[in-house]
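K.L.:
Can you make the complete structure from the sequences, with help from the hints?
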Amino acid sequence: MTNENEMKDPVLPLGRPTIGSAGNTGTWRSSKPVFIEEKCIKCYECWLNCPEGTIRVDADEEYPYVDYVYCKGCGICVHVCPKEALEMKPE
Amino acid sequence: MTNENEMKDPVLPLGRPTIGSAGNTGTWRSSKPVFIEEKCIKCYECWLNCPEGTIRVDADEEYPYVDYVYCKGCGICVHVCPKEALEMKPE
Amino acid sequence: MMTEIRILSRGGQGGVTSAKLLAKAGHIDNKFVQAIPKYGAERKGAPIYADVRIADEHVKIHAPVITSNTHSWIILEPSLVETIPFDELKPGTIVIINSQEIPPVLNEQKNLKIGKVDGATIARECGLIKSGTLMLSTTMLGAWIKATDNLVSLEALKKATELQFGVGSLTDSNIRSIEMAYEQFEFVN
Amino acid sequence: MMTEIRILSRGGQGGVTSAKLLAKAGHIDNKFVQAIPKYGAERKGAPIYADVRIADEHVKIHAPVITSNTHSWIILEPSLVETIPFDELKPGTIVIINSQEIPPVLNEQKNLKIGKVDGATIARECGLIKSGTLMLSTTMLGAWIKATDNLVSLEALKKATELQFGVGSLTDSNIRSIEMAYEQFEFVN
Amino acid sequence: MSIKIPQLLNRPDVLLRGNFACAGCGLSIAYRTTISALENPIVVIPACCASVIQSLHPNVTYNVPTLNIAFAAHASAASGISRGKKRRGEKVTTVVWTGDGGTYDIGVSTWSGAAERNEDILHCCYDNGFYSNTGAQRSGATPRGAVTTTTPTGKTEKRKSITRIMMAHDIPYIATASVGYPRDLYTKVKKAAQIEGYRFILIDAPCPTGWNSDPAITRELGRLAVQTGYFPLFEVENGKLTFSRRSERVRDPERRKPLEEYLSKQGRFKQMTSEAIKALSKDLQREWDLLARFE
Amino acid sequence: MSIKIPQLLNRPDVLLRGNFACAGCGLSIAYRTTISALENPIVVIPACCASVIQSLHPNVTYNVPTLNIAFAAHASAASGISRGKKRRGEKVTTVVWTGDGGTYDIGVSTWSGAAERNEDILHCCYDNGFYSNTGAQRSGATPRGAVTTTTPTGKTEKRKSITRIMMAHDIPYIATASVGYPRDLYTKVKKAAQIEGYRFILIDAPCPTGWNSDPAITRELGRLAVQTGYFPLFEVENGKLTFSRRSERVRDPERRKPLEEYLSKQGRFKQMTSEAIKALSKDLQREWDLLARFE
Amino acid sequence: MVQTSEKQKIELLTGNESVATAVKLAKPQVIAAYPITPQTTIVETLSKMVAEGELDCDYVNVESEHSAMGAAIGASLSGVRTFTATSAHGLLYMGELVWWAGLTRIPIVMPVVNRSLNPWNIWPDHQDSMSFRDAGWIQFYAKNNQEVLDLTLCAFKIAEHHKIWMPVMVCLDGFILSHTSAQVSIPSQKDVDEFLPPFEPLAILDPKDPFAHGSLTDSQGIWEQRMSLIDGFENSRVIIPKIFAEYAEKFGKLGKNMIEITGDINSADIAIMALGTLGEEAEQALEVLNEKGIKAVVVRLRVFRPFPRKELITALKKVSKVLVIDRAVSFGNAGQMAIEVQAELYTHKIEIEFHQIIRGLGGMDVTYMEIAAEVEKIM
Amino acid sequence: MVQTSEKQKIELLTGNESVATAVKLAKPQVIAAYPITPQTTIVETLSKMVAEGELDCDYVNVESEHSAMGAAIGASLSGVRTFTATSAHGLLYMGELVWWAGLTRIPIVMPVVNRSLNPWNIWPDHQDSMSFRDAGWIQFYAKNNQEVLDLTLCAFKIAEHHKIWMPVMVCLDGFILSHTSAQVSIPSQKDVDEFLPPFEPLAILDPKDPFAHGSLTDSQGIWEQRMSLIDGFENSRVIIPKIFAEYAEKFGKLGKNMIEITGDINSADIAIMALGTLGEEAEQALEVLNEKGIKAVVVRLRVFRPFPRKELITALKKVSKVLVIDRAVSFGNAGQMAIEVQAELYTHKIEIEFHQIIRGLGGMDVTYMEIAAEVEKIM
Ligand SMILES: Cc1ncc(C[n+]2csc(CCOP(=O)(O)OP(=O)(O)O)c2C)c(N)n1
Ligand SMILES: Cc1ncc(C[n+]2csc(CCOP(=O)(O)OP(=O)(O)O)c2C)c(N)n1
Ligand code: SF4
Ligand code: SF4
Ligand code: SF4
Ligand code: SF4
Ligand code: SF4
Ligand code: SF4
Ligand SMILES: [Mg+2]
Ligand SMILES: [Mg+2]
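Chains as they are written, first to last, in my numbering: chain A, 1 to 91; chain B, 1001 to 1091; chain C, 2001 to 2189; chain D, 3001 to 3189; chain E, 4001 to 4295; chain F, 5001 to 5295; chain G, 6001 to 6379; chain H, 7001 to 7379.
Keep in mind the hints are simulated off the structure, nothing from the lab. Predicted model only: the values in this text are computed from it and were never measured. It is possible that some hints are incorrect.
Unchecked claim - If you want the ones that stay clear, here's a sample from chain B, every Cβ over 12 Å from chain F, calculated: (1) E1006; (2) K1008; (3) V1011; (4) T1018; (5) K1039; (6) I1076; (7) K1083.
Said to hold, decoys possible - Examples of chain E residues toward chain C, derived with CB under 7 Å: (8) F4020; (9) C4022; (10) A4023; (11) A4193; (12) T4209.
The beta carbon of each residue, even a glycine, is placed where N, CA and C say it ideally should be.
P.N.:
So, in structure tokens, the structure goes:
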């Protein structure tokens, strides 16, 4: 192979940002946070403290919700909610 | 050679303390400190400040002298003597 | 003769300990054994597996078990049943699950020997909980011994448990859970 | 044809520069050259040597000069004359010393061509002193050119000196010292 | 400057969901909060849990350019990036993101050199007080008395004061922050981003796995550390130290929550005798006193 | 405790005459004074001029057991010796003997780790403010404005404050000393020898070759450094700093000799503009002020 | 059935526990080590032994591997038996001092738990230890946990033999051995004490008899030391098998030779060469091959440094083909073992069909079936 | 007589000045290096060039070699041409990152000014660079100062070729080249600009298109990257000679091949192999041998990585004897070059009389007369 164009390109150690790189981490959970809309005051404290980014908010002024595909069920959101608008439930 | 006693011993990287390891460093000198006994008060300041250890004192209460074999002629002893009991002379 | 067993669990549930205990039991029974935890970079909670080999001679193999060779599977975490490559298993392979119900995907496996035991309930009853997580390492082994017709002896497993946890209440609880699982295990096909 | 020259000096006196200057002069004269300082771990003041090769063809040798091959020796520091392995030198080897007197050991060497110049005085007269040390790098080369019958040209050496020290009084002093040494050098046998 | 959440909600995630971190990981919170506060960050990560949670090649869960590098090469690699990007005329924030092991132990020379050169780098250290990635071995950050897998009967030396060591390097900005107070962290990062030169932020980041604590109380542990005086929050700007509001409030030891409240929630402190706790308290108070000299 | 010369005269030399050091070398004076003050020293030397002046194998000019070791491994090798000798029940003083390069730059991690473990080591750094062994390149100790072969137009960063960095490590004893005052150095070494744990002595050691100064004035340069306030002498015992008499005397800048007197005697400062000198003065005064906080 | 003897007890140990057990029996006085996956459990187990007083020893909690080896060198020269362990980037980070220990003859024992190098990967291959094959260290590669223990114990005796006096690396495959439990027979402390007497230093830093170790050395001095190192390796070629034999006699486990031949080499058509667990995996492949009528043997280098020339040639002379499986690469040329085996065959003008493959990089599984298939391919 | 051309000027340069001159012509944007004898004057010369504005570049005054290579990796990935240089223990101390750069493909150019390893010795041998022959770096060995300059310039183009994209080490013998002045012909900036276009990154850390470089990678990923590195070396076997040829055509200096044969190989009885200056010294030995009626040639590997297999075999096929002179040792086996040459000869079943010696360790002088004598001995 003396033609440079036919030579293989280097495989560089580049990883590309991908949601769910570690798989559906929601399956790691043994219990899950459940949202109680009535109590929520949209303070987004849950969003701020969730380590996973699995408290989602689609736009300002909207209610947060949980991305269960990836939420690991740590319970932090429940713990930090000032209004008990989240609670842990077994899977 | 299967007899362990006949085997060579390891040559370890051990250097032994030896005066003049770098040769007769007195030859590095272009001028030399000369001692003037009359002026000396045996304060041993020259001894204390000589980097080489070439100001020698055989015993307490004796006059210092210079080991010309190794004295590099830096002139510090001359410089630090409070009594001008040392002076530099060209070789 | 060499028996290869794979244990599926989540990090933290005790799957790796389970493999060690089973190997230790085999050792006590004078078998040659290996316990091979497959370490990934995953953290607590992620699915992991561990392999056990029990043999009549010194085991020279070091690669993980080849799924088509497995004799039995022990599933500590029921949801992981989805990860079993059923196509590759040979007929008659034993699959034991910690569950009250047999999940549909298992029910479909007509060529395998499927069994269940409610390990979670047993462990809970025996007080095998640490920081909120059920410790299932021993329980499911009780079931496995029953399922395999004492491929290693119950005695050996109990002895291994004692060696692992020392004499005391923790060992007692684990031994109770072994016994209960041994009793309650049933094949469903 | 290849000429091999060794320069003896003390660290700080300019022996290494001397070798470079001589090589540069050779270069200007369209010769092939090498200047090889032999670096030791010694500090300022210790004896050092530097070699120069001047040849008509590209020099392929990288080892230091072999003393038995040397064409000439330039001694910046007279006391170092003691370190010359006279036994190994071939008859007719030139030895040039910076001294008013020929030291006895040199006087004994009947087969060599011995010459002297009072480089120290010349350098002092030309003001080539830096922090109390005489800078002898150029002076002795003037003598060498005379001794070797212009093996490289005086012009080339002056040019090299200018390239080394830049246009200015330092170069002027050096050139003066070269000229003086060239004038004053004499063989003693 | 205070964090306004709505401003942030619509920013792209910097740490994507579905990663390898343990549930309740403090490092993840610290990373999300810090990196979201920056414009055009380029992050250098040496060996540590942060090099694992990004998950397996060819996929990663960091959504910003990231250079993984050898354990002791973080600040040097960042120096190279920072210089190179300036040469290219690109405005970026070069971030060093290390654990305490990388900052307190193996990597001291590399950052100390970069600090001396005053490289334009924001050095963030998430501090969980040991080597969580390799299974909870002692680090220079481990407090006296804590059990780790290499100090099975409790560490006998005190925790290294990395902030005072940094201060002695005379860099323009130093701060401590905590995942217990993400707004405070965010605000400090924003401020640091405005400054040129070597900047350092130490972030207390609970590790439920290694500390043997309930994942749900990660934030609470962060707060307790501040409220008990275990982890003082402050900023040092050009050599002048200011305690942050929450720590200023507990400057008087009397006003602190009892240290035991913090310790008792973590497995690593379980075995501590009351004497050991006293020794730890003494270390902590001494640190407060020394810090106060720089006010 | 003050040095009595007659006591010492009959001690065997620790540095034998006929070595590779340049004439007038400050390091040699520092070494002789320091090591003579110790009973049963074992000296660890990383790459530096001190590893060269011992001369060529199989002869050496150090008359005490010496371990030569890689540049960045001094304090770790010393840790091993100190531990091993304790195990063997032999009472020795394990000494780390480094240049400023080994202490301020490449070897920071190794000593920082040893200091954190509070290893029983006496760490002495002879400071000539650059890498003399390799031909005068900049180090972290090079003062702002000084010319080195890697800062041909003068260093643009300030000198690292290694003593404050050490202090932040909370080790039991720290001192600065100078070959300008060998008695003071000797006394401090004697004191340090009585203390257990990690101890540090920084020794100002002029290098006539690299500084381009007259070898005869090595002691004078050492003294001028103190008298001009360039190099303050002090001790820090368990965190408390005390200026030594000679520096206490020049605490008031008015009482100091002009800095130029010191600078003008050295080639490395020759090119400095008066502005550059002012910048250096400012660095020095700032250091004094910061040190004073620890009194 | 598992064999037991009176003197020895058999326990289920991971490879790392086997190391720790051997170390405990060897009674070092200073251990300095830094954690790195998959070596970590060695460090942890030893820390625990020391903390609990089971092992009377200083454990130095250094801040890096560079310092681990620095401390080990210092400790050894202070006159005590010294131990450390590492893996992958840990080995690289201490690299400067690995060379220091090798070239200045410091008798340290160090397991290297083999792991792949960067980009980050924690799984086994031999790139780490192979890259130090020049560095003046004796190198062993263990095939199973029993050999890990046996070789570690022998390593102390070999390193400290006064005609060798060199550091020894005991290489074991990460995870495959380090974290896998298997039966290991453990000698009694009394027997080990007999086998391995207390540390007897050849040179010791001592104020009463000062020397400088490793001082500036001229060309001649370096030349002498390097030649002596070459001699030391020659000596070790004789002494290592003797010590192995002594160990085997005492404890009945370890093979006596620097290479292990499994199968009947006199009737074999092909030799399979592989290091560490791949070697034992290849033994299993023999059974598969046997069924297919292929007569193969495994020629495993238990010792890679010194390179066991004579034994290797004696063995390979008898076969007509060889397949060398490397688990590392000298990038820009080929597998390191393949290169060296070829060179040896060339020296002795042994013409056999030579095959080489690279397998198992970055922890890729290599099964006996795959090995058998590779052999089949070339038969 | 010295040849001059219009385009090039000839100057008297030390080897280190040759490096610095080449670097200046190559216009890197970041240099990060740490001083160590005998590399120091490279660092100093470049510092001066930067300080005086001759070279528009950031010079990072790092605090160690580990950091030098760390900074170089960071700078390269930031998207600029990057340079560093080191020697001996400097190379060892940056070892972890040398591997990092090699295995993750960072196109850095680094001269290694060859120097012996510990105990302290500053004189030349090849132990330092040889010990990194596995590490995924292309390696050149220069025979004289001209080649130092030529190879350094080519190194940038080769490292940055998109089908290679690897770091390159240019090895030059310490003192023998680094501090010795000799004539070097220097190409013009304009010509070099043509030969070496600006840095064109294959991957760049960029907030607009984020990726993670070197993240945790499973076995499969490592396998792919390692195989790609092997491919990269294969590519380089083709591309390096092309670039050499392009350079030779432009500047008329450098030989075109990865190996250089001096003498008439078709009539030669023996080939002498040696790296770097020993290679040129051997050329001089040819004259001595010729006088004695011995027909010898020098077969010098200008490129050691990739190991120039084909060229080597083509050459050695034609002789009946070879003498390999190594200036380094793989302790416990033999000289590294000797091992690899033997392996290659074995692969190609070329039976010639093989001789190997080790010379010049720790800076021992090796003269052409000594080389000639060694050849005579075996004729
Ligand atoms: C040179 C080197 N030594 C050791 C390791 C193994 N190692 C990886 S991460 C780590 C500990 C990191 O601790 P820290 O920085 O506190 O981060 P954490 O794990 O706590 O997140 C160690 C020891 C390594 N990768 N490289
Ligand atoms: C790893 C490594 N890098 C670089 C060197 C080269 N080197 C030897 S001594 C030295 C400088 C030492 O400086 P310092 O510690 O200040 O001592 P000094 O030379 O001033 O006495 C350097 C860079 C080395 N020996 N090892
Ligand atoms: S923390 Fe509670 S109240 Fe606040 S947004 Fe979340 S769910 Fe609503
Ligand atoms: S349980 Fe934890 S991971 Fe899930 S949404 Fe709440 S905070 Fe996030
Ligand atoms: S310093 Fe002067 S007065 Fe004092 S002892 Fe020396 S020569 Fe005598
Ligand atoms: S001149 Fe210098 S070396 Fe000589 S005796 Fe005086 S102080 Fe010592
Ligand atoms: S071990 Fe601790 S720091 Fe690491 S990912 Fe888990 S919780 Fe986070
Ligand atoms: S260079 Fe300086 S420090 Fe080194 S030996 Fe010479 S005078 Fe002393
Ligand atoms: Mg940590
Ligand atoms: Mg210095």
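K.L.:
Against chain F, does K1039(B) keep a CB gap of more than 12 Å to every residue?
P.N.:
Fine: 18 Å to the nearest Cβ keeps K1039(B) off the interface.
K.L.:
Is the claim that E1006(B) lies outside the interface with chain F correct, judged by CB distances over 12 Å?
P.N.:
E1006(B) clear of chain F: closest Cβ-Cβ about 24 Å, beyond 12 Å.
K.L.:
The hint names T4209(E) as touching chain C; please verify it with the least Cβ-Cβ distance against 7 Å.
P.N.:
Since the shortest Cβ distance to chain C is 5 Å, the answer is holds.
K.L.:
Using Cβ atoms only, decide whether A4023(E) comes closer than 7 Å to chain C, and label the hint accordingly.
P.N.:
For A4023(E), the interface hint holds, since the closest Cβ of chain C sits about 5 Å away, which is under 7 Å.
K.L.:
Is the claim that I1076(B) lies outside the interface with chain F correct, judged by CB distances over 12 Å?
P.N.:
I1076(B) is in fact no farther than 12 Å from some Cβ atom of chain F, at 6 Å.
K.L.:
Beyond 12 Å from every Cβ of chain F: is that where the Cβ of K1083(B) lies?
P.N.:
holds (15 Å)
K.L.:
Hint A4193(E) vs chain C: min CB-CB distance below 7 Å?
P.N.:
A4193(E) check fails; min Cβ-Cβ to chain C is 30 Å, beyond 7 Å.
K.L.:
Beyond 12 Å from every Cβ of chain F: is that where the Cβ of K1008(B) lies?
P.N.:
holds (17 Å)
K.L.:
Would the least Cβ to Cβ distance between T1018(B) and chain F come out above 12 Å?
P.N.:
With a cut-off of 12 Å, T1018(B) comes too close to chain F, as the shortest Cβ separation is near 4 Å.
K.L.:
Hold the hint about C4022(E) up to the distance rule: shortest CB distance to chain C must be less than 7 Å.
P.N.:
Holds: closest Cβ of chain C sits about 4 Å from C4022(E), inside 7 Å.
K.L.:
Beyond 12 Å from chain F, beta-carbon-wise, is V1011(B)?
P.N.:
Not fine: 10 Å to the nearest Cβ puts V1011(B) too close to chain F.
K.L.:
Going by Cβ atoms only, is F4020(E) closer than 7 Å to chain C?
P.N.:
Holds, because the Cβ-Cβ distance from F4020(E) to chain C comes to roughly 5 Å (cut-off 7 Å).
Consistency note: the structure conflicts with the earlier hints numbered 3, 4, 6, 11.
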